[in-house]
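Student: Residue strings, one per chain:
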Amino acid sequence: MAKRLGLRAVALGYLLVILLAPLVMIFYRTFENGLKPVWDALSDPNTVHAFKITLIATAIAVPVNTVFGVLCALAIVRRRFRGKGLLNAFIDLPLALSPVVVGLALFLLYGRTGWFGTWFADHGIQVLFALPAIVLATIFVSVPFVAREVIPTLRELGNEQEQAAATLGATRWQRFWRITLPSIRWAVIYGVVLTTARCLGEYGAVAVVSGRVEGQTETATLRVEDYTLNFNTSGAYAVSVVLAATAVLVLVLMTLIKPREAV
Amino acid sequence: MSIEIRNVSKRFGSFVALDDVSLEIPQGSLTAVLGPSGSGKSTLLRIVAGLERPDSGEVFLSGEDATGIAPQRRDVGFVFQHYAAFKHMTVRDNVAFALTIRKRPKQEIRERVDELLALVQLQGFADRYPSRLSGGQRQRMALARALAAKPRVLLLDEPFGALDARVRAELRDWLRRLHEEVHVTTVFVTHDQEEAMEVADRVAVMDHGGLEQVGAPAELYDEPASEFVLRFVGDAVRLGSSLVRPHEIVLKRWPGDGAVEVEVERIAVLGADARVELVEGNGERLMARLRRDELEDLDLAQGEIVWASAEPFRRLAGDAKAGRPLGNLGRDVDAVDHGAAGAAAAEVD
Amino acid sequence: MEASAARAPHVRPREAARAGGRASTAISVGIISTFLTVVVVLPIAALVWESHKSGADAFWQAVSNPLAVSALKLTFGAAFIVVLINIVFGTVTAWVLVRDDFPGRSIVNAVIDLPFALPTIVAGLTLLALYGPRSPIGIDVAYTRTAIVLALCFVTLPFVVRTVQPVLLELDTEMEEAARSLGARQTTVFRRIVLPNLLPGILSGAVLALARALGEIGSLVLIAGNIPGHTQVVSVYVLNQIESGDPSGAAAVAVVLLGASFVLLLAVGALRFFVTRYERG
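Note that the protein sequences, when read in sequence, are chains A, B and C. Counted from 1, the first sequence has number 3 at position 3 by the numbering used here; the numbering is strictly sequential. Counted from 1, the second sequence has number 313 at position 313 by the numbering used here; the numbering is strictly sequential. Counted from 1, the third sequence has number 5 at position 5 by the numbering used here; the numbering is strictly sequential.
The following block holds chain A by itself, in its conformation from the complex:
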């Protein structure tokens, strides 16, 4: 009995120190000096723009990776082809890479002297240090999540339901829409939640490729860094608290969806 309490104390103590205390801190520090500094920071046009950039990048990356993730999962689980292992490895790659390395890779590819950079420069399209690079970076780092959630679910489901539907006369498209998609619905949603969280929180890669121009190519996360480096702590906390609040929302969603995801 004492051992059980002891273990419990160790686990909870560790979690308190590492996780909970910091979370509580943000909310506390942000509103320490009242609402005005928070409001000032959040209504600053550069900050508003930073949120906008983050949201645009997320709004593009999430659907793209969702479609990709579902297609991938279907191909990997349901089809036979060579190179499956390689495919799997490349899907997981963004998880293992440092975001800065991702940023560097994109920099090399799309910079003015890069492999693609020259082509884009010739056509007057700026990729690096502009929105396109931010979007690309965001897409890269959030590639795995939907696929990784849907693959095990699809595997466990098997395809008996689709086979039954086929014997009842359903076409491939009908089977996909009416059987496959609904049965992976929660896994997809969970994957979308994780992808969104990752997109909103991306820092390392965009730090490299965005150029960090205030009011133009800053994301919300870069804005926090900007404020901090300029000793505008209330500004940094203000933006952080918004991000933290979305994180808590994400957590709530994850908790609600996870049990439904289990087949």
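Simulated from the structure, these hints should not be mistaken for laboratory data.
So the derived list for chain A, only partly shown, Cβ under 10 angstroms to chain C, looks like this:
1. 3
2. 7
3. 19
4. 26
5. 76
6. 103
7. 108
8. 115
9. 143
10. 203
11. 207
12. 208
13. 246
14. 247
15. 251
Covered stretches of chain A (in silico footprint by chain C; criterion: 3 or more residues with CB under 8 angstroms from a CB of chain C, positions within the stretch not fixed):
16. 63-73
17. 90-96
18. 131-141
Just so you know, even glycine gets a beta-carbon here, dropped at the ideal spot from N, CA and C.
Following the hints, put chains B and C in place on chain A, whose structure we already have.
Tutor: Coordinates of chains B and C only, in the frame set by chain A:
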């Protein structure tokens, strides 16, 4: 080691698993605890092993109160329905486990493991992992493992429940022979009455947390103490107003004293036996078991009307709750409340 | 004898379906591969190419300069420590969440995923607030290596917990009961039965935590101070090199990080494969 269970009760939440159960298990016996699911039999076994603690009552092992003693120190061997094999260890390490943790010398362990593997006929499998064994082999390994430290009692919880019919039959046989060789007090729990009757010296029948009857298999079959035992240990069908066993029904083509008119609904040939499904005039269905030669003598066909009666000295009269009043051999059947029906039952054909 | 009916050759329906299936497989694999190539493979290829562009000497120079070496040493060292901490505390936490019951357990369980949900820069900021100069509890470890370990513990916390939990949930408690019935004390049961069965889960989590720790940047930029040669991890070093206009040097170091991570991950993967040999008989 003898086991005495005294007034043991146990509940899980609002579910009463055991209600004031008392049972004695003599040294060296092979006892089956038989009952349907939910009867409390596994709980009873686990309490004897120390894996559960009773809410009230005591467990005595060899005369000493073991109720508060942890399973580690009770010197019991336990075999689980789903083997509980240590899947990350080889067969050898599994069987050796009890000795390894007692820090016995390596040579001793090696010899004992070899001895046990030979006993359970798994000699070539020592270095395999359980994942590569069949269910029957895993259970034999589990038995060897339980026997390694020479326990004074061997407890088996539905040991063959997870195995298919043929393997089950083989292992039943095998358990019996093992007991004859090793002579350790053995208690096993099962819901399969055939298994209990075939293997055990003594059978304890349980239902809904209570002990219904204890005795030798024949005793339970011939002299059930309650309707539950009657129905559970062997089949029972209702013929007219009494309960009889299917194979005791005699079919004749002419009416007889006390015989019931029935129509033949279906005849199923089961090899050496046949099962004849009958229906009474009032719509009640029953089943008779006939030998093939009996069936052929009668030359029965579907839809025919025949008369069914039960072998005279076994028929129960009156209220179907009665025990077996005739041919009683002096056993006190009134332990269960039969009222006067038992005594008045005697109707001789 | 049947009259020879229409024997016109035609593609049997099943074959047609299979051919159609193969075609659509080819299409979907094509689409997926193209996407992955553009988004993932090409950038990495560019990275590797760039690192070698100026020849082996330049590569070696970029990689062996003392700041780079110090950054690499620091990063791997910190990552190892953090993985070890995670293995211990992660397993304990998973154990408490699965085997213990206390009010608020489900909330604690949900909070474990916080590092997945929270942007790393925000995590860094709050760690700075809590364990930095204006710390309410008087602990100031900002700009030290301790801060690095702290931040990495935050971001890698969920990994081992989440990989061990399902293993614990599925663990056959009868194995533990069997061990007890055979005479094993509780600690022996844990050591000889539970832990070996948890090991694959622990190793999976450790791999994920390691990969994450080696590449982490967001949570470190604010609290680690990034003092070159002292508290500068590889990711920050690479960032610096890019901003100082030396992308090739940055690429070289990045490739070394990638290579070393790859080897490490393979090693742990092999270990896990070995540890689970009982599954394959």
